[in-house]
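K.L.:
What follows is the residue order along each chain.
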Amino acid sequence: MSDDLARAIAGIVGEDGVVADAASLTTYESDAFTLARERPRLVALPRSTGEVSRALALCKAAGVPVVPRGAGTGLSGGALPVRGGVILETARMNRIVKLDPAGRYAVVQPGVTNAALSAEAGRHGLVFGPDPSSGIVCTLGGNAAENAGGPHALKHGLTSQHVLGLEVVLADGEVVELGGVHDGTPGYDLVGLLVGSEGILAVTTALTLRLTPLAPAMRTVLAAFPELRDGCEAVADLISAGLEPSALEALDRGTIATIEASPEYAAGYPTDCDVALLVDLDGSAESLEAKVALASQICREHRASELRIGSDPASRLKLWKGRKSAFGAMGRLRGDVYVLDGTVPRSKLAEVLALTVEVAAKHRLTICNVFHAGDGNLHPNISFDARDPDMRARALAAGEEILRACIDAGGSITGEHGIGVEKLSFMSWMFSERELEEMERLKRLFDPELALNPGKLVPSSKGCAEAKGRIHVETLPR
Amino acid sequence: MTVFDPGRVRELVASTIGSNAVRAPLDASDRVDGLLPHAVARPECAAEVAELLAMAARERLAVIPTAGGTKRTLGRPPERADLLLDLGKLRGITDWSPRDQVLICGPATALADTEAAVTADGQTLVGDWPIVDGGSLGGSTATRSDAFDRPRPSGPRWAVIGMKVAHPDGSITNHGARVAKNVAGLDIGKLHIGALGTLGVIVELTVRTRCAAAVEPARAEGEPLCDARIEIRVPPGALGAVLHEASDAMAGSNARLDVRASASTGVARIAMIGAEGADRTVLPEVLAMLLDRTRGAATEAGGCVLVLAAPSEWKRALDVWGEPPRSIAWMRKLKDLYDPERVLNPGRFVGGI
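Chain order of the listed sequences is A and B. For the first sequence, the numbering used here begins at 1 and goes up steadily by one. For the second sequence, the numbering used here begins at 1001 and goes up steadily by one.
Simulated from the structure, these hints should not be mistaken for laboratory data. Check each hint, because a few of them may be wrong.
[Stated by the list, open to error] Pairs of lysine to any residue, SDA-like flavour, derived with a Cα cap of 20 Å:
#1 A:Lys-155 x B:Pro-1098
#2 A:Lys-362 x A:Glu-401
#3 A:Lys-155 x B:Gly-1122
#4 B:Lys-1335 x A:Ala-10
#5 B:Lys-1333 x A:Asp-447
#6 B:Lys-1335 x A:Glu-435
#7 A:Lys-155 x B:Ala-1214
#8 B:Lys-1335 x A:Glu-440
#9 B:Lys-1333 x A:Arg-444
#10 B:Lys-1333 x A:Glu-177
#11 A:Lys-155 x B:Asp-1149
#12 A:Lys-155 x B:Pro-1151
#13 B:Lys-1333 x A:Glu-440
#14 A:Lys-155 x B:Cys-1211
#15 B:Lys-1333 x A:Glu-435
#16 B:Lys-1333 x A:Val-175
#17 A:Lys-60 x A:Ala-10
#18 A:Lys-155 x B:Arg-1099
#19 A:Lys-155 x B:Val-1215
#20 A:Lys-155 x B:Ser-1264
#21 A:Lys-155 x A:Gly-283
#22 A:Lys-98 x B:Gly-1237
#23 A:Lys-155 x B:Arg-1208
#24 B:Lys-1333 x A:Gly-173
Produce the complete structure using the sequences and hints provided.
P.N.:
Written out as structure tokens, the structure reads:
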């Protein structure tokens, strides 16, 4: 290794814990937000809290910025490298340290995948609530950093509701323990502040996570609606009937067509509808019959043209298959997908969805909507070809218009994917200068030299143009 | 430390928000852990709260925010109490959408009134807010009062999705959104939940409701007449051992316990009641013993025990919050950032913050 820094880091994490060759570094140029790319100087793969602490102290002394990274599945560029900086990847910290079924918590290292924890917890009749679509690969450290959601966040809440304690390392190497193994540790809710802080305050090295009892039984209802508005009305009624669906997902006509056109992902969904809803209901086996009947009745009242019920794991899986492979199917359209993430009040769902159709037409783009309808969390997916600069620009412009509509409807610019670099310039839509300044002051409290994941989440006060919504990701390196 | 004369404090408030909004304190109802504030301010709106806080920071007046006043027994006795900030006029629902299940209200809005309003639309707050007689949403948020027997996630940490906060620098900030599924920016609102108003004063709340049909009927959460109340929080599964210690600690004493516990959440609320006609002078020692025994067992399981209510003079001799958490240094740094003059509830919070 020719690089002094690489040698010094190898001294901490071992020779096999440093990636510095050009070919391998290409993998790290972006996370799943591929509209921005940057090459890191090197990637360090620590094995322990001690190694993270020493590596951070070393980088601080060398004045090198550090970007923490889990599996790189983030959709807002939270793990985008900083030029000349180090990527600190948690892949080798992948141990479930403790699982206490009676205490209903687990202590894990940050590189454990979401699915691995739920698989282990499942053996004790428990589950880790958040279930982002990337669950098989995404890491729990990343889930906490981004405050990840998923279909079942509707009933169980975002990751923030499931993190009881954290061990974190600050930019200067100080190790701090926050929270505990139960709810309501006295003192300020530092865990609540750190979760969703996108790696700008500290690097997580261990998490204490709440485990939830698995529902005794589950049913899935698929309902197809010829009219979008009817489907959206059904969403509101399914919620207000008190069914408390554990998930309430929607796929629009474009999404269904895309899935069904793909030999690999075709799920046999009804294709002659504007929108299909997937409703997960849970509870005791006895209560479920009534819930399914009520859900079916509500859907029929809103002119559902077809209903399918999944009553056992195999048939439920079949109904979910298309939803789970929607993103894969979309990737076949143009090669690149810009996955948007915004939330609107449920009462505004139909209105904003209709607008995405107009925006798509205006910018000559294909936009498929597959989203968490129950909590108003939209994911319009814009298919584009990154090699076509004009199309790329149109995709970005369309994204901005749709997110602006979410704000105008009284919602948020992100329901679960985070700000990262993608939405920095939209932060001023939601926050005043004073509020952004408060975030920056908190950032500086934990990381005075702005060494940890700089340029993410909080627009810099110097970049006034950026804060005013002028500069978009177009100006980012690619 | 500046010692104020009551007249001066009232003058300062009057010149900030008008003489109609200030009054002399009442000995019976305005004491805070035995301390009688110099004045009671009753601002009309959020902007007046912010102006008062800015004045207090300039003049180094210790401010005690209060809404329903039902949780005033929580925390260490304050170091100083110059001004009781009565948020009573910041009351009422300003926005309510049953379809979106979102409600916006002033911090002093009574839980019972809010529940009545949302029930009319088939919604409920029950499950997230123990509806204590006279209790407010703001107070329940600042003290992080959750329904102890409800499966988590629940409570204010689940139900509060947005808030406005007034600061000692005279500003008002907005946190969260009108939608629950929102991760934009640092989740600063969380810092104010359970902070006992030591970082800022909540002047508006945005909360989510649940569909009444989906929630089990509420258990009455009346607070028993007692001498002291404590709360135990441990991982579910460890509660039995801690409760065993509690009952052992009472053996041979002149007090009995009223225990409400939930095995599924690991939370217990215990009222200690002195026997009729018993020697009350030994009760503080009985409480100290109860705390000592339960804390030993709870700490072993990674949990905690705190005092929810006790007479002021007992509290002065007790550790009401228990051993400060390991991150206390960072909590102090946060306090310095938000309230550098230490005007908000000085000394009442964890570690004497």
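K.L.:
Which of the listed hints are not met by the structure?
P.N.:
Hint 4 alone not satisfied by this model.
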